Amino acid sequence: MPDERIYLDYAATTPVDGRVRAAMGPYHSEKFGNPSSLHSFGQETRAALEKAREQVAALIGALPGEIVFTSGGTEADNFALEGIAFANENKGNHIITSAVEHHAVLHCCEFLKKRGCEITVLPVDGSGLVSPEAVAGALTPRTVLVSIMHANNEIGTIEPVAEIAEAIKSRVAGRESRVYFHTDAVQTAGHIPVNVNDLGVDLLAISAHKLYGPKGVGCLYVRKGTRLAPLLHGGAQENNRRASTENVPGIVGFGAAAELARSEMAEESKKLLPLRDKLMNGLLTRIPDVRLNGHPARRLPNNVNVSVKYIEGESMLLNLDLLGIAASSGSACTSGSLDPSHVLMAIGLPHEIAHGSLRFTLGQQTTEAEIDYVLEKLPPVIEKLRAMSPLYPGGKK
Amino acid sequence: MPDERIYLDYAATTPVDGRVRAAMGPYHSEKFGNPSSLHSFGQETRAALEKAREQVAALIGALPGEIVFTSGGTEADNFALEGIAFANENKGNHIITSAVEHHAVLHCCEFLKKRGCEITVLPVDGSGLVSPEAVAGALTPRTVLVSIMHANNEIGTIEPVAEIAEAIKSRVAGRESRVYFHTDAVQTAGHIPVNVNDLGVDLLAISAHKLYGPKGVGCLYVRKGTRLAPLLHGGAQENNRRASTENVPGIVGFGAAAELARSEMAEESKKLLPLRDKLMNGLLTRIPDVRLNGHPARRLPNNVNVSVKYIEGESMLLNLDLLGIAASSGSACTSGSLDPSHVLMAIGLPHEIAHGSLRFTLGQQTTEAEIDYVLEKLPPVIEKLRAMSPLYPGGKK
Amino acid sequence: MTGPYSAKVMDHFMNPRNVGEIPDADGVGQVGNPVCGDIMKMYIKVKDKIITDVKFQTFGCGAAIATSSMATELIKGKNIDEALALTNKAVAEALDGLPPVKMHCSVLAEEAVRAAINDYLIKTTGQGLPGFKPHDESLHKEVHGN
Amino acid sequence: MTGPYSAKVMDHFMNPRNVGEIPDADGVGQVGNPVCGDIMKMYIKVKDKIITDVKFQTFGCGAAIATSSMATELIKGKNIDEALALTNKAVAEALDGLPPVKMHCSVLAEEAVRAAINDYLIKTTGQGLPGFKPHDESLHKEVHGN
Ligand SMILES: Cc1ncc(COP(=O)(O)O)c(C=O)c1O
Ligand SMILES: Cc1ncc(COP(=O)(O)O)c(C=O)c1O
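Residue numbers (the numbering used here), protein chains in the order written: chain A, 508 to 904; chain B, 508 to 904; chain C, 54 to 199; chain D, 54 to 199.
Quick caveat, the hints were computed from the structure, so don't treat them as lab data. A couple of the hints might just be wrong.
The calculated label-pair distances, taken between Cβ atoms and stated as ranges, are [to be verified]:
| # | chain 1 | residue 1 | chain 2 | residue 2 | range |
| --- | --- | --- | --- | --- | --- |
| 1 | A | Pro781 | B | Gly623 | 54 to 60 Å |
| 2 | D | Ile103 | A | Gln871 | 46 to 52 Å |
| 3 | A | Glu673 | B | Ala554 | 31 to 37 Å |
| 4 | A | Ala669 | B | Glu596 | 38 to 44 Å |
Restricting the straight-line Cα-Cα distance to at most 25 Å, the calculated cross-link-like pairs of lysine to aspartate or glutamate (DMTMM-like) are [said to hold, decoys possible]:
| # | chain 1 | residue 1 | chain 2 | residue 2 |
| --- | --- | --- | --- | --- |
| 5 | B | Lys778 | A | Glu537 |
| 6 | A | Lys891 | D | Glu74 |
| 7 | B | Lys538 | A | Glu890 |
| 8 | D | Lys61 | A | Glu537 |
| 9 | A | Lys538 | B | Glu875 |
| 10 | A | Lys891 | D | Glu126 |
| 11 | A | Lys891 | D | Glu135 |
| 12 | B | Lys621 | A | Glu617 |
| 13 | B | Lys620 | A | Glu537 |
On a predicted model such as this, the values are computed, not experimentally measured, just so you know. For each residue, glycine too, the CB sits at the ideal point set by N, CA and C.
Chain A on its own, in the form it takes in the complex (with noise of 0.2 Å):
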């Protein structure tokens, strides 16, 4: 085992970045007024805040007047579908998503459901993309929010965001209540361009503990003039939208954190595609009876995900992790529930491939070494499980 353990899970979180704990640092126990209050403990953290609104809303071009904060990305999107919902029940109850979205969108929409919300859940090619034309198909007289994530999580595709927002806009043309557009851009925030208008977008969700900040902190970017109710009800907090003293360090961390991302992403992208080519090929070529999910080219510049056939994801999990490697898989096992990925199912893999799923996920500090480190000790992991597999042809006499 190398000295230091290897991460490749950076899709499900990050490190926050030294520069950002320290951005941080002062607003725990020193600048720690409440940012409702009207004296100069208040008025240092507000400024804070503010700050952080601009570095947030320069990430992805929109005015800082429209980033809301949140507690993470899962608040930001049940925000986004409830508040459109409950704000613009006279006009409509139809939401249409896809079948790849995060739960947080997907469990939310099933909740609105038995609230009265008609749900459109859309379904993908066997890369995981939504059609433009589908999603302009399926809008009715009632359709109030078009929700479509920007990147899987999984299987890292990319959706056509732009050209969805391009189909409803056409679709829709005429009409006089209107329909938002949702993406969840928890994935795509600070790792590829990521810019409301060029993506035509209403509502956007990110999440600062996939960009190098904090847990627990999020926001919703929300176009000026779009009707929202609250998802949280309280005191008079983000301008109305959001009640709860504001997370001051974590909004803070989160603002330098979008702007360090602003201006590092471009590197990083050139750094870790080459990476993620080589153990993707490296995977593909070097094992036999290996896919790689997801679209090839469409794709995050940090993910690969394979399903290894014959075996079952959990069990290289912890093997790789004996070896000091952190990565995941959408194997129910991992997760306590108990079907496999609903990512892997709706881009059509048998239950069984689907089981075997693994995802490397790489970031700031992913080396060629790593990569190096990987494809040397998979392969025996996989071989030694095979070994013991009932469904593995090999092992058959």
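Once you have looked at the hints, place chains B, C and D with the ligands on chain A.
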């Protein structure tokens, strides 16, 4: 002005205790794994989460499994109300609360009212107390939830929560479906003894930043067997009760703060009570036409709330701030809202008296010298402002 | 740190000009009400249509006091028509701006000036400003939305 | 750090006992299915009602492999009645416990043993275990709730 600014707004928020910050330290950049991850990075943060859960549970006499971490007090209150309302629709739709609750409760009740709930808002007496008999009297066969705060954040009045629990219990004895009882303990947890069994509550909200923990984290205590729907929909975190990647450093800090509070709370009360009384009596005796708001005896050990006749709160706060003293007011003018505090109105104050309120809340760093400084500096400020006031009889010729 | 206000607002708040009463005022106007937490009372002395002296008393927040003070400064020595031309925006601008939630204070200051002049006109000519409505709940509703 | 498992589970997972096939097995049982991600196949050799040899093949998670391994250890050398008395709880306990979501793996291991013995009994006596249902969707539903 003294060298250091004087912070007397601990009810708004508290600085993070140095020891809490130290506990959080490693969880930003070193131990940063997602607690849902199977690998060692995830397992080490999962263990930290569970330790914090035990620490928080111990503070309130609960089982660790009864603690659901949230993003703060507001989310905990909203979770309790919406969670009970949505999960128990087949039992009833009636909620009882009081006129002095925090907006996190009252505004959430308004939301639920729009969604078909019936809300009874009970009045309070002149000192802010809710009557247990009134609660019992308001129960109907369709009541599913009673929500009465443990202590009021503005006037410091401690509500008779245990007596209310008793009154509910004896009134609904023999009834088939349950009436759940929620209390907002945001101002009491960590400051006065809070025990969920002594209080007889099923749900209880805490916010870490009110007890020297970090902002952006809190919890809802949920008694075993309580039917509660999730507020945030998504992943399976918090035993399927609250989706979203856990705010690990925040939760670790909350745990550490809870543990410190448990051992130091008695001592802090003992220190603060005489300081509170000195300030309270000093204001009442040194300045004419000042009244105490809230109950004189059933009162938080750190809360002083007075109304200063003939003048308005914000103008006092600004003067105090320039003298280095941070306090708060229930005047509409401080909050950007336009009505004075609903709490001060609920205890029957006329508008102009409500507008003239000042709240000082004491804490860890408060010294007698600070109290003396306030008692020295405030009277001339009041005199100056009264001299400007068209309402001040002393100023009339 | 001075709260949400400009230095000019804070100056006029901490050192308000023209505070007080004019016992033999030629016109007195009071606007606002305790419900919204702002009451302004303005006294003027007028000679040859010129406002020769002006004083105010205000119950209210920092912005209420600062806008009162600034309004008195802006009309002192002006003739009545000039004073009537004073807008709330002009008051706010002279203070280097006000937070949005505090703009209603500048409305009150403008109204206080008009109320004092109206009172003066009634006393001297028997007839007030055409269309002048003394400040009441209707303004309260107008500026506060409800 | 070894994930959510006990040291015993990890030992049986990383160093599973009795892995493989028995080409001339006297009984073979397979339980589980790809939907839930666990398939266990168990082979036994029986002599004079004693299980003289046992081997397994498992597709599944760490707990599935560890419970298979432990089950083989627990029945090896035992007579058939003793092996039939093996409960899933006993397997889990022998492993120093399993996380609650993984208890279904121990159920599968128990079922695999019964399936192999059932197969042996049918082959030798023409009659299987009374009431024995080969593992199918019904067990899947039972252990997974749906
Ligand atoms: C695509 C996507 N959406 C939403 C979320 C939820 O974010 P969070 O866990 O910060 O609430 C995640 C990550 O967990 C994600 O990958
Ligand atoms: C009594 C009470 N309830 C709820 C809250 C809301 O807590 P938070 O701001 O952490 O969401 C507060 C404080 O703001 C409070 O004092």
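Right, here's what the structure says about each hint:
Between Pro781(A) and Gly623(B) the beta carbon distance is about 57 Å. The supplied range of 54 to 60 Å therefore holds. A C-beta distance of roughly 60 Å is found between Ile103(D) and Gln871(A), which places it outside the suggested range of 46 to 52 Å. Distance hint check: the CB atoms of Glu673(A) and Ala554(B) are about 48 Å apart, inconsistent with the given range 31 to 37 Å. Between Ala669(A) and Glu596(B) the Cβ separation comes to about 41 Å, which falls inside the hinted range of 38 to 44 Å.
Under the criterion of a C-alpha separation no larger than 25 Å, the hint pairing Lys778(B) with Glu537(A) is consistent with the structure, at around 23 Å. For the given pair, Lys891(A) sits about 15 Å from Glu74(D) by alpha-carbon distance, which is consistent with the 25 Å threshold. With a C-alpha separation of about 32 Å, the suggested pairing of Lys538(B) with Glu890(A) is violated against the 25 Å cut-off. Note on Lys61(D) and Glu537(A): the hinted pairing is violated, with a Cα-Cα distance of about 48 Å set against a maximum of 25 Å.
At roughly 23 Å between alpha-carbon atoms, Lys538(A) and Glu875(B) fall within 25 Å of each other, so this suggested pair holds. At most 25 Å may separate the alpha-carbon atoms for a hinted pair to count; Lys891(A) and Glu126(D) meet this at roughly 20 Å. Between Lys891(A) and Glu135(D), the direct Cα distance comes to roughly 32 Å. Violation of the 25 Å bound is thereby established for this hinted pair. Of the pairs offered as hints, the one joining Lys621(B) and Glu617(A) holds, with about 20 Å between alpha carbons and a cut-off of 25 Å not exceeded.
Simply put, Lys620(B) and Glu537(A) have alpha-carbon atoms about 41 Å apart, too far for the 25 Å limit, and the pair is violated.
Against the hints set out earlier in the document, violations occur for numbers 2, 3, 7, 8, 11, 13.
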